[in-house]
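**Student:** Taken in order, these protein sequences are the chains called A and B.
Under numbering that gives the first Met the number 0, the first sequence has 298 at position 299, and the numbering climbs by one with no breaks.
Under numbering that gives the first Met the number 0, the second sequence has 261 at position 262, and the numbering climbs by one with no breaks.
I should point out that these hints are in silico values taken from the structure, not numbers from a laboratory.
Some clues are possibly wrong.
Here are the simulated DSSO-like pairs of lysine-lysine, each with C-alpha atoms no more than 30 Å apart in a straight line [what the hints assert, rightly or not]: (1) B:Lys170 / B:Lys98; (2) B:Lys307 / A:Lys194; (3) B:Lys164 / B:Lys29; (4) A:Lys318 / A:Lys303; (5) B:Lys185 / A:Lys496; (6) A:Lys194 / B:Lys97; (7) A:Lys488 / A:Lys604; (8) A:Lys588 / A:Lys604; (9) B:Lys50 / B:Lys363; (10) B:Lys270 / A:Lys497; (11) A:Lys160 / A:Lys303; (12) A:Lys429 / A:Lys402; (13) A:Lys419 / A:Lys402; (14) B:Lys114 / A:Lys543; (15) B:Lys241 / A:Lys257; (16) A:Lys421 / A:Lys581; (17) A:Lys497 / B:Lys114; (18) A:Lys497 / B:Lys109; (19) A:Lys485 / B:Lys270; (20) A:Lys182 / B:Lys310.
Please read these numbers as outputs of a predicted model, since none were measured by experiment.
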Amino acid sequence: MSNKLRNPFSMRASEKIESDASFLRLFSPMVLDALIEMHEKGKLWDNIVFIHSSPGAGKTSLLRVFDPGSLSTLFNNKSSSEYKDLFTSLKRIDVINNESIDVLGVTLICTGNYEILEELDMSSAQKIRLFFSLLNIKLIIATLRSILSLNHARFPEDLEKIEFTYKNPDNYFTSLKVPCNGKELFEWASSIEKKIYSIIDSFLPEEGMQSEGHNELYALSVLKPQHITYNGNSICKRILFMLDDTHKLSNSQREGLKKYVIEKRGNFSIWVSERLEALDPMENLRSFKERDYEEINLERFWDKKASRFENILLNIAEKRARISTEDIDNFQEYIENELNEEKYKQKFLSSIETTLESIHKYTLYSNKFNEWVQYANSYEGSPLEKAHLLKLIEILIHRNKEKNQLSFDFPLTIPELTDKLKSGLDPTAKLFLSESAKLPYYYNFSTLCKLSSNNIEQFLTFSADLFEEMISNKLRGNQITVDIEKQEKIFSKVAEKKWRELPRIIPYSTSVVKFLSELGTFSRKETYKPNAPYAPGVNGFAIKPNSTNSLFNNGNWLNNSLYDPLINVISTCVAFNLLEVKEVNQGEKGQQWQVFYLNRWLCVKFNLPLSYGGWRHKSPDDLLKWTIK
Amino acid sequence: MTKYRWNPYVLIKGEKTITFWNDHFNCDRKSRNLLFVLGKGFDVRMNFAIKQITECCPEMQMECMLIDFEESRVSYSHNYKSLVDENMDELSKIVVNKKQLIDRKIVLWKTSGRKRRRIGDRQAALIFKDIEEVTKFSDIIIDISALPRGVYFSLIGKVLSLIDKIEAKVKPNLFVIVAENAEIDKMIIDDGIDNDLNYLYGFGGQIDLSSEIEKPIIWFPILGEDKAPHLSRAYSKITETKNRLFEICPTLPFPSKNPRRSEALIIEYHKLLFDEFGVEPQNIMYVPEQNPFEVYLRLCDAITNYNKSLKVINGCKASISTFSSKLLSIGTLLAAFELKDDIGVGILNVDAEGYRIKSVEDLKKLNEKSELFVTWLTGEPY
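Sequences are here, hints too, so could you generate the full structure?
**Tutor:** Following this line, the structure appears as structure tokens:
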């Protein structure tokens, strides 16, 4: 495959096909901060760490950093400025130093045949034994491969250079004579693996098709640096087992694995990476602080580092643009950043006129706002500034009018107005102005980054269509730059396409689509109230059980099967990254709420602002109604 | 000529099927007893074949096995219960004697806690447990017209395996038949496609063996219309192992009734195939739209050739996905069945939770244009 692509933003699975060098160049060491923090508390090594996120948020990329290939590349380029930060971060957690790589990363993807074991005609205990047996075998094979990779050795020729010196004091190995060399260990493990796969996949039971099982994940205990050498030398100081996609295991397998590694923690270093959908739906709805293990949630991690994330996206975008065959070697530069005021002048002027009319009608029988209106009329800013100011005044007038308190109708003064103008209503006025004057609202690179909802795949989906437009512009001999109107059209088109695809690609699709439509409509209604009570707008909810007046006592709704449809819908939304979960402190004694925000592409679908912070309480009963046809 | 098992092959289609049933079942009626297997579903083609056969051979000894597959509780297909009832009414008029009708229920999903997994393929394979269940019939017809792919692949694979186990010279005739109608296929849209994919039971091809990940995967997606999300999901499965080499050979239907169909498919999937997946244009393959045996032969040739060329790195594994008609899927099934143990060929299926029909009325009208295809897989000709 050529290294250059027509539209590199469309390229999928880059983490799998990129070279280690280019992968590391794109990787931001910032995500390792969470690991550094754990290391400082002594909780990173000889422990179990769960890594959670929605699909596409970077779990697999994080694990890839610890692959022998990546670590070797980094070690060989440790002085390069491109890798310096990453090298320093990994040094801080004792993975690498100037002299050696100290960690052997062993990755195991838990897809494939594990879950199918549940369907075999055998007892539950036998199934778990077979599951542990398969995990042990795969861990052994993966470890042998990692050792060769770390030593730049050839597979399978150099397996013989590995010595496995474990003396079998616990009798884990019954059909293999240990100590042995790597080749013998590999051949033994692969024959067992093949036997298990035959048991799983054969239409007919075949004689002699029984495989030994194990009650223990002994591989984690026997695969230790002190038991393995390569060419007579120690392989590393520490082995890190990384189990990826464990959400694909069955419930009992996942529970069995979790129970085992938590019970035995301290004896090995293991990271378990899984999507949020893996968690029991109840777990998705419960605060992560209640869990009894170390956890990194990648989306929540990036929440706190939005500007840094934008830099990473910019970096990715520029690198992708550079490998295009179409000679468009920049991305951000070709995305128009601001409204062209002259182009939209007429729209601003008509907005000024209609807003003044609206204010006039609303204040017809009161002189309370006369000074404010006079101030706006005599304002000498540009049409855009004046249209914006009038929208602000309109909101403030509505707010004042809708206050229930008794007050005298004394005219409000200009200092009172200027004071209120500082109350952070600008984004709302911009939104209202865009809506009423039909001006583009979703445009520029920063908006594109917000649209990604901390998800690189989502960023690439929107960027691919923008880049396609750049290619078309160039082909037509026009300016490559995508103007803001076109940008908004592209964003809306992509969001619409994603929306249309939803029923085809998610479970519980009818209920999920109904729920999201209701949430979108509700959010719009709340956002566009003339007094903008929840500025800059509503695009999320928190679940607050009704204490009274409820048909059912929904205080304990999570354990009530009546609410199963709601739990399934919300869990699906979280798992498929349609709702983003954020922890918010609000109310008495800083009470913590889990707020479920619409993914930012859904905000485009429903014409909502892209900011966070605007959410409403909803009862389980109300939300349940949204799921019903 | 004899390089592959089904070469030469027996394929009967269209109006010739009527003559064929007459010749086959009426000439020595007494020595034949037929098991007719069909699916219970909303597809208007459900009774197309059984109706034709019973009209041709009304005196024939026949048992009819109805596979009643239970879909997920939230499947959109439940909205078409009235169509299922209509089909069942029609069937009860075709198979009048209730004793002739065997009802086999299978579930497609298993729920554990709040998690679900597909088990329809394994359940389907359990319908026939041992050799005696196939040897008691002289002829077995499996009509896949109203059966989902997630069911009939493993069902047919199991029956073929059982027949292959029979030591006697005379083996039952196994026919896999389908009422083909591309227009009806276009009207039935998948709803809620599976997220986590796996190879179908019996067709794993030992592709996921961690001891053999250095063998590249050659993926043959057989393309049909409106399947972009399916292709994306399958692609994610193919590329899930980092650093594992893979090659994609998009397979297009040509010759086809609409001679421009292949071009239309290339236009539809251009971005996906060439920009997202990075497919090399020279990898595109063509298979005849209406001949599953030719599909089988070309796939077998391509897979064998790839394996031979890649011998220097221990060969390859192959994965086949059908996003096209059920008729073509028979060819993929045969190719995978033949090569699954020698080379390691898997069937990667992207199933859906349920289906939506664009227009029920049009669906019924279109059924008149359905065409029956009969593939003869074991027994007298072989």
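**Student:** Give a verdict on every hint.
**Tutor:** Status of each hint after checking the structure:
| no. | hint | in the structure |
| --- | --- | --- |
| 1 | B:Lys170 / B:Lys98 | 25 Å, holds |
| 2 | B:Lys307 / A:Lys194 | 25 Å, holds |
| 3 | B:Lys164 / B:Lys29 | 26 Å, holds |
| 4 | A:Lys318 / A:Lys303 | 25 Å, holds |
| 5 | B:Lys185 / A:Lys496 | 20 Å, holds |
| 6 | A:Lys194 / B:Lys97 | 44 Å, violated |
| 7 | A:Lys488 / A:Lys604 | 11 Å, holds |
| 8 | A:Lys588 / A:Lys604 | 36 Å, violated |
| 9 | B:Lys50 / B:Lys363 | 16 Å, holds |
| 10 | B:Lys270 / A:Lys497 | 16 Å, holds |
| 11 | A:Lys160 / A:Lys303 | 47 Å, violated |
| 12 | A:Lys429 / A:Lys402 | 23 Å, holds |
| 13 | A:Lys419 / A:Lys402 | 15 Å, holds |
| 14 | B:Lys114 / A:Lys543 | 26 Å, holds |
| 15 | B:Lys241 / A:Lys257 | 25 Å, holds |
| 16 | A:Lys421 / A:Lys581 | 27 Å, holds |
| 17 | A:Lys497 / B:Lys114 | 25 Å, holds |
| 18 | A:Lys497 / B:Lys109 | 29 Å, holds |
| 19 | A:Lys485 / B:Lys270 | 20 Å, holds |
| 20 | A:Lys182 / B:Lys310 | 21 Å, holds |
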